[in-house]
Amino acid sequence: MEKRLAGSLSVLFLSVWGAVFALPLLALFLASAQGSHPYFDADTLHIVKITMLQSGTSVAISSILALGIGTTLVRAFPVEEGKTFALIQGLLIFPAGIPGIVAVAAWISLLGRTGWLGSLGLAYSFSAVIIAHVFFSAPYLSVQLSRAIREIPRLQVETVRSLGASEFSVFKTVVVPSVLPAFLESVLQVWIWCSTSFGVVLILGGGPPLETLETAIFSRLRMGSLDVSGALALAFWQFLIIFIPFALIHFFRSLQNQRGTEVEPKVPSGIAEAKRGAAIWAMKSLSVFWLLPYLAWITSSVRDGIRVGPRQEWVASLGFSVSVAFSVALIVVALSAVSVLTKIVSEFAGIKVPWIDLLVLLPSGVSSLVLGMALIQFYAPWIDPLEGSILGILALQSTLLWPLGFRTLNAVALQRQTSLWNVVRSLGASDWQCFWQIEWPRYKKPVFSLFTLVFAFSLGDVATVSLMSSAERPPLALLLLRWLNQYRIEEAAFIALLLLLLCGGASALGAGHWGRNLRKERS
Amino acid sequence: MTTVARILKFKTGFALLLLLVGWGAVPCMAAPASADLVVYTYDSILAQGGLGPAIFPLFEKKCGCRVRAVSLGDGGQLLSRLESDRRQGKVVADLVLGIDTLTFAQGQGYFQSWGKWKPKSWKWIRSDRQREAAPGFLPLDFGYLAFIADSEVMKRERLSLPTKLSDLLAPQWRRNIILEDPRTSLPGLGFVLWVDSVMSPSAFQSYFTGLKTQWLTLAPGWDSAYQLFLKKEAPLVWSYTTSQAYHQEHGEPGRFAVMFDEGQPLWMEGTAWVNTAHESRVKEFFEFLLSEEVQKLIPRTNWMLPVRKGVKLPVSFQNLPEPKKVIHFSTSPSEVDDRVKLWKSALQGR
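So the sequences go chain by chain: F and G. Per our numbering, residue -5 is the first one in the first sequence, and the count goes up by one each step. Per our numbering, residue 14 is the first one in the second sequence, and the count goes up by one each step.
Some hints here could point you the wrong way.
So the derived label-pair ranges between C-beta atoms look like this [said to hold, decoys possible]:
#1 F:Leu47 <-> G:Leu182: 24 to 30 Å
#2 G:Leu355 <-> F:Ser9: 47 to 53 Å
#3 G:Arg99 <-> F:Leu6: 54 to 60 Å
#4 G:Gly102 <-> F:Thr108: 31 to 37 Å
If you're looking for bench data, these hints aren't it; they were derived computationally from the structure. All residues carry an ideal CB built from backbone N, CA and C; glycine is no exception.
Work out the full structure, taking the sequences as your base and the hints as a guide.
Structure (structure tokens):
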């Protein structure tokens, strides 16, 4: 029975994955296989080098900062509860949800010549790109790290301490091995964000010669003379850049033998209890610090003037964008749930399915422009992008965000409470009741958090919607570009502010809910 | 809360969500209305306050027919769309409105020849624009690409106006110019082709090798470049002379076009015929576009100059500076491609 279910789920998973990702991409590669692709020409290799240097520097700095901030966050809030915790966590996640187009405007307000830090001369350079990436990556990594630290069973820490181990030994023997797998997963996510970063590199980097794979693909596909061959060569490298760290992390994990480790029901970690007040104060200041560019941008926009554009234009765009974002968030949660369920059921049935992790990761290594082009060509009879294909937008955005959803839910699945499940099952409960009572409470917060984050990403996305939306009903991000094109700067500022509040607010709400909900449960 | 109550609550929420999704999605999925004339055009022409909303109702009234305008973003997307139509074996558009001469040359294979026919109003087009229009291209409006300066920022940075291309290589202009990437922006491509038209190939390469340290940023499009300029990030931006008219109309005389000794490149936009199925309607529309009724709307809707002679211009357009020389660059796709490659190698110092 379990084997049959596992088989059906695998077929479902592979069908969806094949339909939205593998087949269109394969067709695109085959269609352009006749020509020779410039995989190893000097230009391509230079772009690869810049991409790796940029992403590596951003991730390294973010990770170092996250170690300090994440542990301080745990020191300040050993358990996830309270309004202050919810607010601080929400503020820390806020920058991760901001659309690139708004983030760039914000950074120009801060680092640009007329900005607060204009005298430093950092704008339009490699440094500016790194700073912008660190500002959204470091707080995100800090939150993920703090969550991982809180998952460490107190008993384990106390046992090592009772054997006379020093704090450093506890950190080395308990904390590091426990949090490393989850932390590396988050680092991989940040690596993906930085290496596929588009708007920040394109505008804040000052343009060529600073060019990364994503911006180079854009320049090859943007104009009338499509350089599909060049774009595919770059897409191949982009895939490798994502795949290699993924393979290393999984290899490392297999050495650690952490997979499927069962954790005890969560109790407050005893890693840090002293100096909590100072830590809370530090976290309050730090959480606001990451918002500096947005505060600078709001201030300068208000100074330059913000005007609400014609209601019939932006309200329609808002309604359309929200609808699409909701749908994409639902689809991503569903796709991720199917993927995780396939894994769990297969493992129950004694079938090993390590390929699921790899297959779901692949879309994050492909540029949205390349995948978009593949979908358009493969489904040409059914999807007419220029007429405005809502199906095309949903398919493209959901496929690209699927890896994020899978990793979020998979992290929860890895820590399933098998013994508790068995106990409840032995009392006569059905599988559904076991899931509802034991597993769902652990899933619902990450699911909500994932839903809001995907909603924010979809709402602020420019690249995919610019490929497939109609002019009659442009999403908010495209309306913003259209108004900029027409010198309607003050009205465009209003749209940007709306996007900032909606996207940042949604992601912060998801992260904040994490804390508030836990408090409710405890009470 | 019982499990049943939870499920009910979830179902209600889910139903509301579906309603919300449906509300936004249905209009987007609705089948397009049938039309007597299908026009492919750009986003900015169709936007509120643009040329499209001003002229399409007029034409519909005149011909008693229905026009359907499809926006295609920019030049690159226009050609992709025509290619996509061709692959699917369908011809949707009757004509393309707002196409520039570079994109027209690149997409020659998609457009119909006029044969011996010419619009009756052709004689009303300025003679220079008549000469410059390639066969099958109906001129609609034009302008000149130029640097726009911000006097306030120039004063702040203690800069004097450049008068020739070589002035931009002076140390005072280091990181003081905003340009567009020629691979992703048509005005940006216009800049590269302008330099190419007034310099020898070797001078072209060394010019860009020197210029790459001078620009503050190479923006992906005109919109992002101009936004940075309006934020006073740099005193010079590559745009159109007609941008000066816009600023004048909005009480900003400090932003003006700078004329160079080398002259300014001409930028012309027009219309091309795609489908012969509705021949008489297309011809009627071509005549309509050249009428005074339409041409007088161009300055304040499309921020370009009309091609028709004798159209009364707003004061802001009458005050626009004339180029010292009008530069015509090559529109041959292979030559354009070569220049972009040369530009790229200059940037990489090869």
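Okay, the hints, checked on the actual structure:
1. F:Leu47 <-> G:Leu182: 24 to 30 Å: Because 29 Å falls inside the window, the suggested range holds.
2. G:Leu355 <-> F:Ser9: 47 to 53 Å: holds (48 Å)
3. G:Arg99 <-> F:Leu6: 54 to 60 Å: 37 Å Cβ-Cβ, so the 54 to 60 Å window is violated.
4. G:Gly102 <-> F:Thr108: 31 to 37 Å: violated (53 Å)
The structure fails hints 3 and 4 (numbered hints given earlier, in ascending order).
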